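Convert by adding 7 to the 1-based position in the sequence shown; the result is the number in the numbering used here.
Treat the hints with care, since some could be wrong.
Derived lysine-lysine pairs resembling DSS-like cross-links, with alpha carbons at most 30 Å apart [unchecked claim]:
no. : residue 1 : residue 2
1   : 369       : 335
2   : 535       : 656
3   : 385       : 369
4   : 88        : 296
5   : 252       : 296
6   : 88        : 369
7   : 225       : 196
8   : 718       : 310
9   : 335       : 385
10  : 700       : 665
11  : 219       : 200
12  : 213       : 229
13  : 743       : 665
14  : 399       : 296
15  : 291       : 225
16  : 213       : 196
17  : 591       : 627
The hints are simulated quantities; they were obtained by calculation from the structure and are not laboratory data. Given the structure is predicted, the values throughout are model-derived calculations rather than measurements.
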Amino acid sequence: MSLQDKPIDDKPSDERREPPRIRINREQIVLILLHRQINPSQSIADGSNICPVEKILRQLTDNLHLFSNNNDCLSYAEKAKDQTIFMIIDSSYASADLLGKLHTMQQINSIFIFRQAKDMPVPVLSATDYCKIVNVSDEQDNLTSSIEHITDYIDNQSTIFTVCDQDKQMSTRDVDQESGMFIFFQLVKKVIKKMLPNEDAVCKSKEEMINKCRLDCKDSTKDLENIIRFENEYTADQAIQWYTKDCFIYKLINKALRTEDIEPLYTYRFYINDLSACLAERCKLLREKTSKITVFRGAKISKAEIDRLAQNKGHLISTNGYFSTTWKRAVANIFAGIEGNNRSHSDLYQSILFEITVDLEKYPEIILADIQDISLHKDEEELLFDLDTVFKLESITYNDTLSYWTCMMSASNEGRIIVRQYLDFKEKELDNSDDNEVAFGNLLFDMGQWSKSRIYFENLALRRTNDPHIQFGIASCCRALGDINQALFHLQQAYDLSMHIEHECLRLKGQICCNLLRTYQEYGDFSKAAAFGDEALDFYRQAGEHSNEVGIAKVWINFGLLNYYKGHDDICLEQLERAHTLLKRTSQFDGPEISECYKFLSFAHYHNGDYDKALDSLMKESQITARLFPTNHPQTAATENNIGKQYYKQGKYEEALKQFRRAAEISERVSTTNSANQIVFLNNIGKALYRLKQIDEAEKYFEEALQLTKKIFSSSTDHIYLAYTYKNQGEIFLAKNDFVGALALFQQAHDMYKRIFVQNSNQRDVAKCQYLIGLSHLALNDIEQATTALEQALHMRTNALHPDHPDLAFSHRSMGDLYMCKKNEVKAIEHYKLALAIWEKRLPSDHDQLVDLKEILAHFKP
8 MSLQDKPIDD KPSDERREPP RIRINREQIV LILLHRQINP SQSIADGSNI CPVEKILRQL
68 TDNLHLFSNN NDCLSYAEKA KDQTIFMIID SSYASADLLG KLHTMQQINS IFIFRQAKDM
128 PVPVLSATDY CKIVNVSDEQ DNLTSSIEHI TDYIDNQSTI FTVCDQDKQM STRDVDQESG
188 MFIFFQLVKK VIKKMLPNED AVCKSKEEMI NKCRLDCKDS TKDLENIIRF ENEYTADQAI
248 QWYTKDCFIY KLINKALRTE DIEPLYTYRF YINDLSACLA ERCKLLREKT SKITVFRGAK
308 ISKAEIDRLA QNKGHLISTN GYFSTTWKRA VANIFAGIEG NNRSHSDLYQ SILFEITVDL
368 EKYPEIILAD IQDISLHKDE EELLFDLDTV FKLESITYND TLSYWTCMMS ASNEGRIIVR
428 QYLDFKEKEL DNSDDNEVAF GNLLFDMGQW SKSRIYFENL ALRRTNDPHI QFGIASCCRA
488 LGDINQALFH LQQAYDLSMH IEHECLRLKG QICCNLLRTY QEYGDFSKAA AFGDEALDFY
548 RQAGEHSNEV GIAKVWINFG LLNYYKGHDD ICLEQLERAH TLLKRTSQFD GPEISECYKF
608 LSFAHYHNGD YDKALDSLMK ESQITARLFP TNHPQTAATE NNIGKQYYKQ GKYEEALKQF
668 RRAAEISERV STTNSANQIV FLNNIGKALY RLKQIDEAEK YFEEALQLTK KIFSSSTDHI
728 YLAYTYKNQG EIFLAKNDFV GALALFQQAH DMYKRIFVQN SNQRDVAKCQ YLIGLSHLAL
788 NDIEQATTAL EQALHMRTNA LHPDHPDLAF SHRSMGDLYM CKKNEVKAIE HYKLALAIWE
848 KRLPSDHDQL VDLKEILAHF KP
């Protein structure tokens, strides 16, 4: 079949066989019009010169992009990789070259070719090779109808199971793997319900929602009219009817839910509470009539999504949005395109029928309502599941005869069982909280949505002035986002305000001082950090040690981290183990606090050169993080980075680089690229590239880390991250044989570390710089200076490190090289053997350093 044979659907609309009408969410679709009459600079307000096709398309959506040049159009489409694009092309542009390029882009969903007149030529193209071409039309109404028709299918497909797509809107998640997001979604539902305790709160929430809807729909006359009607006529018992209308409610609510973004849920809390309450009431009626039912849902989804469903057989899947089904298999078949003429518009989508069994007696928590009698689409015979319903994916099979998939599922409460202990604990915590506004901001923060949490608290501060809880919330966000100066400012505000409140605020005072300990440590003022740590412990003890053991444990964790950076490894380990004991005694489950404790225990063991223990602690932390936090969470990024460090120390630099890049990608995705963690990620990527001999690439990452460090810690002339980055840049100069440049950078880092760690003459980072200074002098053949520096580094490391620490082996190895330069073979072999003895205990047998040293020793006569 050629493109010229592609049918033009010129039947009147009432003669076409259509599925039951479904609601459209055009916000997910981008339209691109490539047309010779387009003037991109033409004002929309001045419609006199706008081409007719453009006018038609603007009635469908405001998400329209106009081009009159092939290259500009292709360039835009190539960059819009996270969009679903419909291309509408003037037939005079429809060359094989352009269409071929568009077909290679995954983001191009459908192509519509428009002819100004029936006699205009269209190139002869194979429909098999150009399967994305949906329609060739010479009538505007026909073009509109075709786009509407395909949009219906895209919207229907988008509300089906995508099983946790990390980069796009998500309608479902794999609860087994994504229990963290499931937890937070449950908690959000609870807290937004508590935020509407009276009529005033309801009215305020409704006003906020309507204002947001007006803003989002400002260019749609029809939607604005419906918003006015909603504002004047809506009552709580009409929530379901409004949801089933083809209007702003359905598209905005579901768009908000699928993004897994808490902020819109807060905005729409008024309506979400009403709709869920209506569904719960109608569910009671359903339970009175029956206990076990089977419902259906049909859709067309991509082969990739089919594969992902198949891979998740036996897993639990949770829907974020309200999930629509039908009593009738025949209705679902029409939606899936299994029967009749409702065939897929291309080979990109495959028909699937979901068959879902529900045992209402076994699972009383499940909310499902028969809404056929009050829905505006009665022919759909619709049943609607409440938010976050969990299903178990039992099986997925293919029908060769009718070419469709069947996915068998059962509604379940197992999602809650997976996380019951932690969820019960957090819900009890919310029940005991009398400040729901602060609780909501804290939930935003816990989910890793730090920027939105900060904005939320800052808006709250305009209304709740001089409130230490709000200032503390802002400070926590600022610190997490890397804005250390603002974090210290707001913490001081919270501290000062809390001092004017009597006994009942002792716990808050402890929290503020604990955060000051951590923030001053990150700022680099270790003396102030320690002073606030002592004050935090004092406040917690005054408030009651037994009831504040978790808070006290957090203080010991932060003290441990402080001493980690000071190089006091034994003290660090003792304090972290003390915190671990407290947390294990306090709680029956492993929560975020103990996860953080394991993370820093891995740091302590790592510093001590005990990489096996470090890995053990890290794996425990990783398991808790995976269970409690969403996949795209800053904490997950930190975990990925720490796993990379273990690979790095094992000499597995390719694996390490993958982990470091993954950490940086998550950080970028969740908008924490200005945080202190990002400095670490960039430096670690550079270090891995350096080890892989990709020197120029490594240098770029170190420079980026340096600029970010200067930006974040602009008011601090001396900072450990600054010294650390100078040291790394020095190693690049060393690799490029610029020994003078390397020496200058190592000396700069050395002097900065000494100023920071003025009370610790054997601090490990100072020793590392001294060691690298020695290597630079050795490379410059300045044997005397090299001897002084390397001997001093060895002395410092011997005093500071465990006798079997791998870094000590590096010093012995370099001392061996030094003595070889001095022609003292005996002394050289002595140091080589000392290095070998340590590395054989600590490193894998195939580690580059170990293999290289064995080869050197093999050249000496016995």
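Does the alpha-carbon distance linking residue 219 and residue 200 stay inside the 30 Å limit?
holds, 19 Å
Would you check the hint for residue 399 and residue 296, treating anything up to 30 Å between C-alpha atoms as holding?
holds, 24 Å
Are residue 718 and residue 310 close enough, with their CA atoms no more than 30 Å apart?
violated, 46 Å
Assess, step by step, whether the Cα of residue 591 is no farther than 30 Å from the Cα of residue 627, and give holds or violated.
holds, 13 Å
Would you mind confirming whether the straight-line C-alpha gap from residue 335 to residue 385 stays at or under 30 Å?
Given pair residue 335, residue 385 holds - Cα atoms ~12 Å apart, limit 30 Å.
Does residue 196 lie within 30 Å of residue 225 when you go C-alpha to C-alpha?
This hinted pair holds, its Cα atoms lying about 28 Å apart.
Satisfaction of hint between residue 369 and residue 385, Cα-Cα up to 30 Å
OK: residue 385 and residue 369 at ~29 Å, within 30 Å.
Below or equal to 30 Å on CA atoms is what counts here, so check residue 213 against residue 196.
Holds. Residue 213 to residue 196 sits at ~17 Å (cutoff 30 Å).
Hey, residue 291 versus residue 225, does the alpha-carbon distance stay inside 30 Å?
violated, 39 Å
Is residue 88 close enough to residue 369, meaning Cα to Cα at most 30 Å?
Between residue 88 and residue 369 the Cα gap is close to 44 Å, so the pair fails against 30 Å, i.e. violated.
Does the structure keep residue 252 and residue 296 at a Cα separation of 30 Å or less?
Status holds; Cα separation ~27 Å.
Has the given pair, residue 700 with residue 665, been kept, meaning a C-alpha gap of at most 30 Å?
Cα-Cα ~16 Å, so holds.
The structure shown violates the earlier hints numbered 2, 4, 6, 8, 15.
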